[in-house]
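Please build the complex by placing chain Z on the supplied structure of chain L, with the hints as guidance.
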Amino acid sequence: MPVPKIAENFRGSVNKITLGATSADGGTRTTTVTVGGAANVVYAGSSESAGEKPIIAMDVLDVAPDDWPEHLLECYKDVIGDPAAWAKKCVEEYGADVICLKFDGIHPDKGDKDAEHAVKVTKDVLAAVGVPVILWGCNNYEKDNRIMPKVSEAAKGEKCLIGTVSESNYKSLTAIALADEHFLITEAPLDINIAKQVNILVSDMGFPLERVVTFQSTGALGYGIEYSYSIQERQRLATLGGDKMMAMPVICDIGSEAWRTKEAKAADAPGWGDAAKRGPLWEASTAVCLMQAGTDILRMRHPKAVATVKNFIDELY
Amino acid sequence: MALTGLQIFKLLPKTNCKKCGKPTCLAFAMALAQKKANLDECPDASEETRASLAEASAPPIKAVQFGTGDGQVKVGQETVLFRHEEKFYNQTVVSVTVSDTLSGDALKARIEAINALQFDRVGTHIQVNSITIINESGSADSFAAAAEAVKAASSLAMILVSDSADALAAAVAKVADAKPLIAKATADNAEAVARIAKDNGCAVVAEAESIESLAELTEKIKAAGVEDIVLSLNETLKNRLYGLTQIKTLALKKSFRALGYPTISCVLEGKAEDQAVKAISLICKHSSIVVVETAEQYAMLPMLTAIMNIFTDPQKPVQVEPKLYAIGEVTDQSPVLFTTNFSLTYYTVESDAEGSRVPCYILVVDTEGTSVLTAYSGDKLNEKVVAAAITKCDVENIVKHRKLIIPGYVAVMSGKVEEETGWEVIVGPRESSMLPKFLQEIA
Numbered sequence: 256m257p258v259p260k261i262a263e264n265f266r267g268s269v270n271k272i273t274l275g276a277t278s279a280d281g282g283t284r285t286t287t288v289t290v291g292g293a294a295n296v297v298y299a300g301s302s303e304s305a306g307e308k309p310i311i312a313m314d315v316l317d318v319a320p321d322d323w324p325e326h327l328l329e330c331y332k333d334v335i336g337d338p339a340a341w342a343k344k345c346v347e348e349y350g351a352d353v354i355c356l357k358f359d360g361i362h363p364d365k366g367d368k369d370a371e372h373a374v375k376v377t378k379d380v381l382a383a384v385g386v387p388v389i390l391w392g393c394n395n396y397e398k399d400n401r402i403m404p405k406v407s408e409a410a411k412g413e414k415c416l417i418g419t420v421s422e423s424n425y426k427s428l429t430a431i432a433l434a435d436e437h438f439l440i441t442e443a444p445l446d447i448n449i450a451k452q453v454n455i456l457v458s459d460m461g462f463p464l465e466r467v468v469t470f471q472s473t474g475a476l477g478y479g480i481e482y483s484y485s486i487q488e489r490q491r492l493a494t495l496g497g498d499k500m501m502a503m504p505v506i507c508d509i510g511s512e513a514w515r516t517k518e519a520k521a522a523d524a525p526g527w528g529d530a531a532k533r534g535p536l537w538e539a540s541t542a543v544c545l546m547q548a549g550t551d552i553l554r555m556r557h558p559k560a561v562a563t564v565k566n567f568i569d570e571l572y
Numbered sequence: 002m003a004l005t006g007l008q009i010f011k012l013l014p015k016t017n018c019k020k021c022g023k024p025t026c027l028a029f030a031m032a033l034a035q036k037k038a039n040l041d042e043c044p045d046a047s048e049e050t051r052a053s054l055a056e057a058s059a060p061p062i063k064a065v066q067f068g069t070g071d072g073q074v075k076v077g078q079e080t081v082l083f084r085h086e087e088k089f090y091n092q093t094v095v096s097v098t099v100s101d102t103l104s105g106d107a108l109k110a111r112i113e114a115i116n117a118l119q120f121d122r123v124g125t126h127i128q129v130n131s132i133t134i135i136n137e138s139g140s141a142d143s144f145a146a147a148a149e150a151v152k153a154a155s156s157l158a159m160i161l162v163s164d165s166a167d168a169l170a171a172a173v174a175k176v177a178d179a180k181p182l183i184a185k186a187t188a189d190n191a192e193a194v195a196r197i198a199k200d201n202g203c204a205v206v207a208e209a210e211s212i213e214s215l216a217e218l219t220e221k222i223k224a225a226g227v228e229d230i231v232l233s234l235n236e237t238l239k240n241r242l243y244g245l246t247q248i249k250t251l252a253l254k255k256s257f258r259a260l261g262y263p264t265i266s267c268v269l270e271g272k273a274e275d276q277a278v279k280a281i282s283l284i285c286k287h288s289s290i291v292v293v294e295t296a297e298q299y300a301m302l303p304m305l306t307a308i309m310n311i312f313t314d315p316q317k318p319v320q321v322e323p324k325l326y327a328i329g330e331v332t333d334q335s336p337v338l339f340t341t342n343f344s345l346t347y348y349t350v351e352s353d354a355e356g357s358r359v360p361c362y363i364l365v366v367d368t369e370g371t372s373v374l375t376a377y378s379g380d381k382l383n384e385k386v387v388a389a390a391i392t393k394c395d396v397e398n399i400v401k402h403r404k405l406i407i408p409g410y411v412a413v414m415s416g417k418v419e420e421e422t423g424w425e426v427i428v429g430p431r432e433s434s435m436l437p438k439f440l441q442e443i444a
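Chains as they are written, first to last, in my numbering: chain L, 256 to 572; chain Z, 2 to 444.
With the rest of the complex left out, here is chain L:
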């Protein structure tokens, strides 16, 4: 029986961006990755309109984390505190598409490290791996504004993705990312109007929208994931409707949110099953759930979770 045709008259699609610069492009990366390009909502139309496959950015911290649960920590116990070795392990053993270097240690409450430290870690990690790198601040405006420009400069020419900038703190990082030719992450607190506003603000500063990735803030499975989910779906629909201020690829911070939950952390929870498997699966489930709403870059932590999500992505793309 013939079925009716579903005609879509979309006017926009998600911007395609290529992270990383190889020597041909003035950088030292050995590989680049391209994300974005979706021209429909997830699983609508044909698979040709799905765009590039989502990629996994594995978190590497600039200092040893002090609040990671045992099951997560043990995957990195030989490299904790050595960001370069840590990054290498993520790429070579765990198959990270990209490294997300997270500068927790520069936060005034978490070590208050200086620019010299941050620049050294940045250079070490860039030298240790050939994949593109994300440089993510500590979310303390004052410290980020002081340190992240130096980090940006140290990675100049590598076409990194750097962030985050928000509605109330965007000027210094936007300016330096523009000068150093990086890509920029705009952040909003689960509010689609603010998300658009930040994009307008950086665009007003002359930052090209085609070099922006949005971070809507991430809720873990069971802890507000539905808010992130619906905002990402609405962003995709706005993109398809032709809104250039919303047509950016989307990044989610899966790892740190998932590993804050009881379900991932609790070692002894009767009736919830083996903790060694529960934690990684909670992270993988959060990732796959948000992918259904349209996610291009997934920041993740546990290698088992990464493996599960990669299997899923390979079957779908």
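Everything labelled a hint here was simulated from the structure, so no lab data went into it.
Incorrect hints may appear among the rest.
To be verified - 20 Å max Cα-Cα, derived EDC-like pairs, lysine to aspartate or glutamate: (1) L/K565 to Z/D121; (2) Z/K272 to L/E570; (3) Z/K438 to L/E307; (4) Z/K438 to L/D367; (5) Z/K324 to Z/E384; (6) L/K532 to Z/E294; (7) L/K559 to Z/E270; (8) L/K517 to Z/E213; (9) Z/K239 to L/D322; (10) Z/K272 to L/D529; (11) Z/K254 to L/E263; (12) Z/K438 to L/D529; (13) Z/K438 to L/E397; (14) L/K260 to Z/E217; (15) L/K517 to Z/D121; (16) L/K532 to Z/E270; (17) Z/K239 to L/E303; (18) L/K517 to Z/E330; (19) Z/K272 to L/D364; (20) Z/K239 to L/E570; (21) Z/K88 to L/D446; (22) L/K308 to Z/D275; (23) L/K532 to Z/D275; (24) Z/K239 to Z/E294; (25) L/K517 to Z/E355; (26) Z/K255 to L/E263; (27) Z/K317 to L/D446; (28) L/K260 to Z/E294; (29) L/K565 to Z/E330; (30) Z/K438 to L/D321; (31) L/K559 to Z/E210; (32) Z/K63 to Z/E87; (33) L/K260 to Z/D275; (34) Z/K239 to L/D569.
Claimed, not checked - Non-contacting residues of chain L with respect to chain Z, defined by C-beta distances greater than 10 Å in every case (computed): (35) G281; (36) G350; (37) E436; (38) G496.
Heads up, the beta-carbon is just placed ideally off N, CA and C, and yes, glycines get one too.
Below, chain Z alone, put in the same frame as chain L:
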């Protein structure tokens, strides 16, 4: 699809007799279109008019129920493609498989394990609510025996899966009163399987390789007298996900009745982890029933939580129970902080309080599920609400001190709260993320 006022007007007597209470037939038609009137209010509407209006107002995706009593489940009758447009109504049913190659104690243990897949998280009970019996043995007798054993040991809604109409007939004969969902009718056996469903008043799964042949098959089953149909697209995971979106879009946007039914998908292979994430994908993207093989608790918890999250009403803020929550090994000297009962607010505060490793109490005051600033500006959070919560939760007997930490954003309330409660107010940080440092300093 719903008719417009003008389309309805054409079907009315157009006498403007006012018997319905409206001045004209057109006004009545408009009221009908907006569902503010009922056709019964028109004494002169023809049978034909009634029939076309009923047809037009039938839900674009049919509701289908199976199982009985407390175990009965309902799927379908969804109205939107995206949850933010309205909400998703009937939660995905997760069903776990039992093979009919099992018998005796092994069979019993498997059924028990499935019955036990129940969890309480954040004050809500979530559970697996169906068992799927698969005719792997190829024997009609074993299949019927397994179905009978499941019926005896579980009240969960049953799905019977076999390629053989004879095996289905044998099993249904044993458990018809449990109203199992019968799977599956294909192009080859549609008449025979539809007859079993019709004779026993059961719903049936229609399975085909393409959307076009699925539409053909449902018409055939409907012609055989069965209207409670569940669709199964027998395809790879990828094509199935694209197909599910296409089916739902056709039903909702094109009023394509031949595909206006709930759907079922199976994920029976691979590791528990792989099954769980595939199931979550199917849950988010429109499969009304998801059948999995894994009965692992660690795999089931995320699947059921995903259902809980995706099916929450986006218009209604999710709330936590307003009460006193103890974080860590509290004593009568532990600090007390308050926040609102908007779930996102509470979980953020809870997680940061836990992160501080300082045992403390969080007093959750009832602000009808709004965040701190929203509640304060709407006067749902004021000194009286805080004082009432302290009394109601018996905080004065639980702790010996009289110090209350209030959210930094409502520092302006300090004076009034001190007056009303007699407690000393300490202004906490504006952002929850600063709580660990704050608590460590005051502890």
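How the hints compare with the structure:
1. Under the criterion of a C-alpha separation no larger than 20 Å, the hint pairing L/K565 with Z/D121 is inconsistent with the structure, at around 30 Å.
2. Our distance criterion of 20 Å between C-alpha atoms is met by Z/K272 and L/E570, whose separation comes to about 14 Å.
3. At most 20 Å may separate the alpha-carbon atoms for a hinted pair to count; Z/K438 and L/E307 exceed this at roughly 42 Å.
4. Distance check on the hinted pair: Z/K438 and L/D367 sit about 14 Å apart at the alpha-carbon level, within 20 Å; holds.
5. Between Z/K324 and Z/E384, the direct Cα distance comes to roughly 17 Å. Compliance with the 20 Å bound is thereby established for this hinted pair.
6. Restraint check for L/K532 and Z/E294: satisfied, since their Cα atoms lie roughly 17 Å apart, inside the 20 Å limit.
7. Using a Cα cut-off of 20 Å, the hinted pair L/K559 and Z/E270 holds, with the two alpha carbons roughly 18 Å apart.
8. Restraint check for L/K517 and Z/E213: not satisfied, since their Cα atoms lie roughly 46 Å apart, outside the 20 Å limit.
9. Only pairs whose Cα atoms come within 20 Å are accepted, and Z/K239 paired with L/D322 is rejected, the gap being roughly 38 Å.
10. Note on Z/K272 and L/D529: the hinted pairing holds, with a Cα-Cα distance of about 14 Å set against a maximum of 20 Å.
11. At most 20 Å may separate the alpha-carbon atoms for a hinted pair to count; Z/K254 and L/E263 meet this at roughly 12 Å.
12. Taking the CA atoms of Z/K438 and L/D529, the gap is near 32 Å; set against the 20 Å cutoff, the hint is violated.
13. Only pairs whose Cα atoms come within 20 Å are accepted, and Z/K438 paired with L/E397 is accepted, the gap being roughly 17 Å.
14. Restraint check: the Cα-Cα separation between L/K260 and Z/E217 comes to about 16 Å, which is no more than 20 Å; the hinted pair holds.
15. Taken as a hint, the L/K517 and Z/D121 pair is honoured in the structure, with Cα atoms around 13 Å apart against an allowance of 20 Å.
16. Straight-line distance between C-alpha atoms of L/K532 and Z/E270 comes to about 18 Å, which keeps the hinted pair within the 20 Å bound.
17. With a C-alpha separation of about 12 Å, the suggested pairing of Z/K239 with L/E303 holds against the 20 Å cut-off.
18. Between L/K517 and Z/E330 the CA atoms are separated by roughly 16 Å; this keeps the pair inside 20 Å, and the hint holds.
19. At most 20 Å may separate the alpha-carbon atoms for a hinted pair to count; Z/K272 and L/D364 exceed this at roughly 41 Å.
20. Taken as a hint, the Z/K239 and L/E570 pair is honoured in the structure, with Cα atoms around 7 Å apart against an allowance of 20 Å.
21. A C-alpha spacing of about 19 Å is found between Z/K88 and L/D446, which places the hinted pair at or below 20 Å, so the restraint holds.
22. For the hint linking L/K308 to Z/D275, the alpha-carbon distance of about 18 Å falls within 20 Å, and the restraint holds.
23. For the hint pairing L/K532 with Z/D275, the CA-to-CA distance comes to about 12 Å; that is within 20 Å, so the pair holds.
24. Restraint check: the Cα-Cα separation between Z/K239 and Z/E294 comes to about 19 Å, which is no more than 20 Å; the hinted pair holds.
25. Distance restraint check for L/K517 and Z/E355: the Cα-Cα separation of roughly 10 Å lies within the 20 Å cut-off, and the hinted pair is therefore satisfied.
26. Proximity of Z/K255 to L/E263 is assessed by CA-CA distance (about 13 Å); at most 20 Å being required, the pair is judged to hold.
27. A hinted pair counts as satisfied when its Cα atoms are at most 20 Å apart, and Z/K317 with L/D446 qualifies at roughly 16 Å.
28. Among the hinted pairs, L/K260 with Z/E294 is inconsistent with the structure: their alpha-carbon atoms are about 35 Å apart, more than 20 Å.
29. Of the supplied pair hints, the one linking L/K565 and Z/E330 is violated, its CA atoms being roughly 40 Å apart against a limit of 20 Å.
30. The suggested pairing of Z/K438 with L/D321 holds, with an alpha-carbon distance near 14 Å, which does not exceed 20 Å.
31. With a C-alpha separation of about 34 Å, the suggested pair L/K559 and Z/E210 falls outside the 20 Å cut-off, and the hint is violated.
32. With a C-alpha separation of about 18 Å, the suggested pair Z/K63 and Z/E87 falls inside the 20 Å cut-off, and the hint holds.
33. A threshold of 20 Å between alpha carbons decides the hint, and for L/K260 with Z/D275 the separation of about 33 Å lies outside it, so the pair is violated.
34. Of the supplied pair hints, the one linking Z/K239 and L/D569 holds, its CA atoms being roughly 10 Å apart against a limit of 20 Å.
35. At roughly 38 Å, the least C-beta separation between L/G281 and chain Z is larger than 10 Å, which holds for a residue marked as non-interface.
36. Non-interface status of L/G350 relative to chain Z is upheld: no Cβ of that chain comes within 10 Å, the nearest being about 16 Å off.
37. With 10 Å as the threshold on Cβ separation, the claim that L/E436 sits away from chain Z holds: the shortest Cβ distance comes to roughly 31 Å.
38. The claim that L/G496 lies off the interface holds: its Cβ sits roughly 13 Å from the closest Cβ of chain Z, which is beyond the 10 Å cut-off.
Comparing the model with each numbered hint stated earlier shows that hints 1, 3, 8, 9, 12, 19, 28, 29, 31, 33 do not hold.
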